[in-house]
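Trainee: Sequence:
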Amino acid sequence: MRVLVDTSVWSLALRREAQVRHPEAEELKNLIAARAVEIIGPIRQELLSGVRDQTQFVRLESSLAAFPDLSLVTADYVLAAKFFNACRAKGIQGSNTDFLICAVAVRSDSAIFTTDLDFGQYKKCLPIKLYEFKSHAEQSPARYRRSVPKRNH
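Under this note's numbering, think of the first position of the sequence shown as 1, with each following residue one higher.
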């Protein structure tokens, strides 16, 4: 399965707070190891935009270079506009970039991996697949529960 990873997931994985481990970031590592990750230019641009420090920018640019962009074609933009109009007709708003992600994912038969809840709304009227996974906490909740000592009354 090919997975188009949205900016929201990349952002979690690229955060500096190493002590906070996000299940999505861990899953992204698994997908990278499985060579299932896809990216498009607009997502790359969103990730690089706003990086103030030139050294960090170059480091991030270099890291992302390992993931070639899926090519965008005219039909992707046309389909994105159709998706925008279909959703708007049902009262669902979204960004041009979100609908471009949806269009490319449909064309390339990829699932979209995102934490952006808007994509759940888009799925109501678009033929997109969202990538779903179970975090380790969901797979074995007992392991992650904090044990609370019993009180003696």
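Don't read these hints as lab results, they were simulated from the structure.
Note that this is a predicted model, so its numbers are computed, not measured.
From the three backbone atoms N, C-alpha and C, an ideal C-beta is built for every residue, glycine too.
Be aware that a few hints might be false.
Restraint ranges, calculated between C-beta atoms of paired labels, are given here [said to hold, decoys possible]: (1) Thr-115 / Met-1: 17 to 23 Å; (2) Asn-96 / Phe-57: 31 to 37 Å; (3) Val-73 / Glu-26: 30 to 36 Å; (4) Val-78 / Pro-23: 34 to 40 Å; (5) Lys-134 / Ala-86: 18 to 24 Å; (6) Asp-109 / Asn-85: 21 to 27 Å; (7) Asp-109 / Arg-52: 35 to 41 Å.
Trainee: Would you mind marking each hint as holding or not holding in the structure?
Mentor: Consistency of the hints with the structure:
1. In this structure, Thr-115 and Met-1 meet the distance hint of 17 to 23 Å, their C-beta atoms being roughly 19 Å apart.
2. Under the hint 31 to 37 Å, the C-beta atoms of Asn-96 and Phe-57, about 24 Å apart, miss the expected range.
3. Judged by the Cβ atoms, the range 30 to 36 Å given for Val-73 and Glu-26 holds: they are separated by roughly 33 Å.
4. The hint said 34 to 40 Å for the Cβ distance between Val-78 and Pro-23, and at roughly 36 Å that hint holds.
5. The supplied range of 18 to 24 Å is broken by Lys-134 and Ala-86, whose beta-carbon atoms lie about 31 Å from each other.
6. One distance hint, 21 to 27 Å for the beta-carbon pair Asp-109 and Asn-85, holds here, with the actual separation near 23 Å.
7. Separated by about 37 Å at the C-beta atoms, Asp-109 and Arg-52 satisfy the suggested range of 35 to 41 Å.
Violated hints, listed in ascending order, are 2, 5; each of the other numbered hints is respected by the structure.
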